[in-house]
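Going line by line, the protein sequences match chains F and S. All residue numbers for the first sequence refer to numbering that gives the first Met the number 0, where the first residue is 0 and numbers rise by one. All residue numbers for the second sequence refer to numbering that gives the first Met the number 0, where the first residue is 0 and numbers rise by one.
It is worth saying that the hints were derived from the structure and are not from the lab. Remember, it's a predicted structure, so these values are computed and weren't measured experimentally. Treat each hint with caution, since some may be false.
[Said to hold, decoys possible] Simulated pairs of lysine-lysine, DSSO-like, Cα-Cα distance not exceeding 27 Å: (1) F:Lys280 <-> S:Lys320; (2) S:Lys280 <-> F:Lys280; (3) S:Lys247 <-> F:Lys301; (4) S:Lys247 <-> F:Lys316; (5) S:Lys19 <-> F:Lys247; (6) S:Lys378 <-> F:Lys280; (7) F:Lys153 <-> S:Lys280; (8) F:Lys316 <-> F:Lys301; (9) F:Lys280 <-> S:Lys42; (10) S:Lys153 <-> S:Lys19.
One-letter residues, chain by chain:
Protein chains: 2
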Amino acid sequence: MLINGDRLKRHLEELAEIGKIGETGVCRLAHSKEDRQAVEVVKGWMEEAGLTAKIDGFGNLIGRVEGTEPDKPILVLGSHIDSQPYGGRFDGTAGALGAIEVVHSMRENGITPARSIEVICFSDEEGSRFNKGIFGVRGLAGMLEEGELERKDKQGITRREALKEFGVEPDLSGSPAYQKGDIEAFLELHIEQGPVLEQKNRPVGIVSGISGPIWLTVTLEGFAGHAGSVPMPMRQDALVGASEIIRKFDELVKTEGSETTVGTVGSMQVFPNSRNIIAEKVEFTVDLRDIDLEARTKLEEKLYKIIEETSASFDLKSEIKEDTRSEPRYCADWIKDIMKEEEEKLGLDAPTLMSGPFHDALIMSYICDYGMIFVRCEKGISHNPLEFAEMEDIEKGVGLLYATAVRISQS
Amino acid sequence: MLINGDRLKRHLEELAEIGKIGETGVCRLAHSKEDRQAVEVVKGWMEEAGLTAKIDGFGNLIGRVEGTEPDKPILVLGSHIDSQPYGGRFDGTAGALGAIEVVHSMRENGITPARSIEVICFSDEEGSRFNKGIFGVRGLAGMLEEGELERKDKQGITRREALKEFGVEPDLSGSPAYQKGDIEAFLELHIEQGPVLEQKNRPVGIVSGISGPIWLTVTLEGFAGHAGSVPMPMRQDALVGASEIIRKFDELVKTEGSETTVGTVGSMQVFPNSRNIIAEKVEFTVDLRDIDLEARTKLEEKLYKIIEETSASFDLKSEIKEDTRSEPRYCADWIKDIMKEEEEKLGLDAPTLMSGPFHDALIMSYICDYGMIFVRCEKGISHNPLEFAEMEDIEKGVGLLYATAVRISQS
Chain F
0 MLINGDRLKR HLEELAEIGK IGETGVCRLA HSKEDRQAVE VVKGWMEEAG LTAKIDGFGN
60 LIGRVEGTEP DKPILVLGSH IDSQPYGGRF DGTAGALGAI EVVHSMRENG ITPARSIEVI
120 CFSDEEGSRF NKGIFGVRGL AGMLEEGELE RKDKQGITRR EALKEFGVEP DLSGSPAYQK
180 GDIEAFLELH IEQGPVLEQK NRPVGIVSGI SGPIWLTVTL EGFAGHAGSV PMPMRQDALV
240 GASEIIRKFD ELVKTEGSET TVGTVGSMQV FPNSRNIIAE KVEFTVDLRD IDLEARTKLE
300 EKLYKIIEET SASFDLKSEI KEDTRSEPRY CADWIKDIMK EEEEKLGLDA PTLMSGPFHD
360 ALIMSYICDY GMIFVRCEKG ISHNPLEFAE MEDIEKGVGL LYATAVRISQ S
Chain S
0 MLINGDRLKR HLEELAEIGK IGETGVCRLA HSKEDRQAVE VVKGWMEEAG LTAKIDGFGN
60 LIGRVEGTEP DKPILVLGSH IDSQPYGGRF DGTAGALGAI EVVHSMRENG ITPARSIEVI
120 CFSDEEGSRF NKGIFGVRGL AGMLEEGELE RKDKQGITRR EALKEFGVEP DLSGSPAYQK
180 GDIEAFLELH IEQGPVLEQK NRPVGIVSGI SGPIWLTVTL EGFAGHAGSV PMPMRQDALV
240 GASEIIRKFD ELVKTEGSET TVGTVGSMQV FPNSRNIIAE KVEFTVDLRD IDLEARTKLE
300 EKLYKIIEET SASFDLKSEI KEDTRSEPRY CADWIKDIMK EEEEKLGLDA PTLMSGPFHD
360 ALIMSYICDY GMIFVRCEKG ISHNPLEFAE MEDIEKGVGL LYATAVRISQ S
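The shape of chain F in the complex, shown without the other chains (with noise of 0.2 Å):
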């Protein structure tokens, strides 16, 4: 073993303590007393292994080893500790405890950097309680928008007021924090939060790269009636208008996408949304993503075609919002090469995927390489109590982050 597995499995533990619900649920909001109460612990186990640790401006646990070549650019490994408010005991943290695992075994091992590593466990990456997330990242990266310490939460707190109830007096004038050329690789470990590694039976995978979505909201407005009176052909439903578009977007994607081309309408109002009423008006939701831009921009265009060819047919009145638009982000070749070359040595037989959901790591991206390694999950659940992955497949992903990252620090 290259890392000590029954320390890693403690540290879940204990953390999964913190905001506990149920029997296995986690409500740990980021900047509330659950997440500075995890903080205060994941920084003392920062300590245990070596590294000097401290919070910063944007509320993110940073912990540093000095390397015996600090003007090299460093290596920086993590991932997040807060979670969603109905959330799971793995998503964030195996990729924040595993990076510190990392750290204290290679002291444990006698392994000395040469570049300095730095750990971070990033601030409000899920974003949940300000409706925006990867909030920490982004600070360091320099990529904070205006009047972000004001967005409030549902109590009216904003983020201002949050993170110094948390006990950070917010500095954005250590925005950004890295410069291009400061840091050589970034490593992130996470659960897959999807089901391809349980379909192909494999514990651990690495990740190709992170697929930017579209995120669309589109409104048809008809024109209500009583469900008893209005005949057949004088309608405007703007519910039958949405569901020919669902159907129509949903076959396209599966028929004209490519493997790795996602389609999801997921979210849905009707208005007045009365059993007796001819639906007026109608909002969905659309997140379409591919990691191969040009498929993805195939696609959309035929989305936009889909929406208003169903629009003229049913009469209906049809508006596109654009909420969201980011683009594709590719792991390094040369931090998948290392990957794929230490999986082997591990007998992991690790397939290639790429990320549907964005983490930490996206950010990252723009400052510097990366890469990312996935650990299974059961049924690709995530974003739930009910989510789950074996310890063992854990511990082989950190066993590839440890690979990785001597490797990488020892360069």
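Take the given structure of chain F and dock chain S to it, following the hints.
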């Protein structure tokens, strides 16, 4: 003019002031303070019309004028004066005040009926408050269900308490108030609440019957997952399945239904309804109506097949719950014949059309023959402050109600 249009207009306008919302809307929930105030005012107009008025143990306002042949089955006219929470000023009131106007005008025109006449403002037709309507008329007809006085509104007030607050001692011993044979005919005038008369450019129509709805709730269950990470072939997306069913159902009714068939999915809930999570569960309502019971049954069977096949092809579990199954209730031919003769004399050129929505008349149909008159309303809008009918059209409709009532009351 057979009736006094100015008085009718004044009454409609005065009643619209009670519970007025916005410029043209009305909120007079059943048994509320506003409802009580309305009943008091309308009771006064009944008395001015020569009716002896009382409020019964269900909250119905009943006025009676004795005929010269008191042993004959009576004629009943009426509708309701309660409203939707966000309702209009013509739904129910046109027929209720129109009925009073008929009796008032008969007296002024020196017509003494042979049959006694009762005018009823039925209590709680709308059903919004206790989620179950046509209460007063079901009380009169002996069609109340177990525990109906214990139903609660959103504030937790039971119907029993609400009726007491309204000033009535709930008295179920008065149900049924009529036996078969007591009533010769029931006549109700109502705004159409649909677009057919407007489309045909006619002020008034004769109703052929009330088409009963089948109300179903369909639940589809698939499997949630992250929108970015579950490959398309592995998905069990409940919203895609629901969309396919809704689109096919719409097509089925449009292509295989009769001219009078209407099918609607008006309400839908998506779980967890998050833009980046595949829909795990979708629940939607089905409303299927036809005056032709055989045609309706044929389509219903085909709908079940669509649900079954679609669920299978999208790997979803499905469940169908039957909430309501009403049979069509036809207007009496002899009453329609009288109406037809009278509308021809009045030069109304009234078409015959069915009623999709139900009315108090639906329940009256179980204890006597009935007839209904529809008045054109703008764009078919109802249950909305935008509800609008031209005074001229209402007067024509009440004129036909008058002529029909005179014929029947003297027969």
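Hint check:
1. F:Lys280 <-> S:Lys320: Roughly 26 Å separates the two Cα atoms, so the pair holds.
2. S:Lys280 <-> F:Lys280: Between S:Lys280 and F:Lys280 the Cα gap is close to 21 Å, so the pair holds against 27 Å.
3. S:Lys247 <-> F:Lys301: 22 Å, holds
4. S:Lys247 <-> F:Lys316: Given that 27 Å is the threshold and the Cα spacing comes to 21 Å, the pair holds.
5. S:Lys19 <-> F:Lys247: 45 Å, violated
6. S:Lys378 <-> F:Lys280: It holds: about 17 Å lies between the C-alpha atoms, which stays within 27 Å.
7. F:Lys153 <-> S:Lys280: 26 Å, holds
8. F:Lys316 <-> F:Lys301: Holds: F:Lys316 and F:Lys301 sit about 18 Å apart, inside 27 Å.
9. F:Lys280 <-> S:Lys42: Not OK: F:Lys280 and S:Lys42 at ~41 Å, beyond 27 Å, violated.
10. S:Lys153 <-> S:Lys19: Given that 27 Å is the threshold and the Cα spacing comes to 21 Å, the pair holds.
In summary, the numbered hints that this structure violates are 5, 9.
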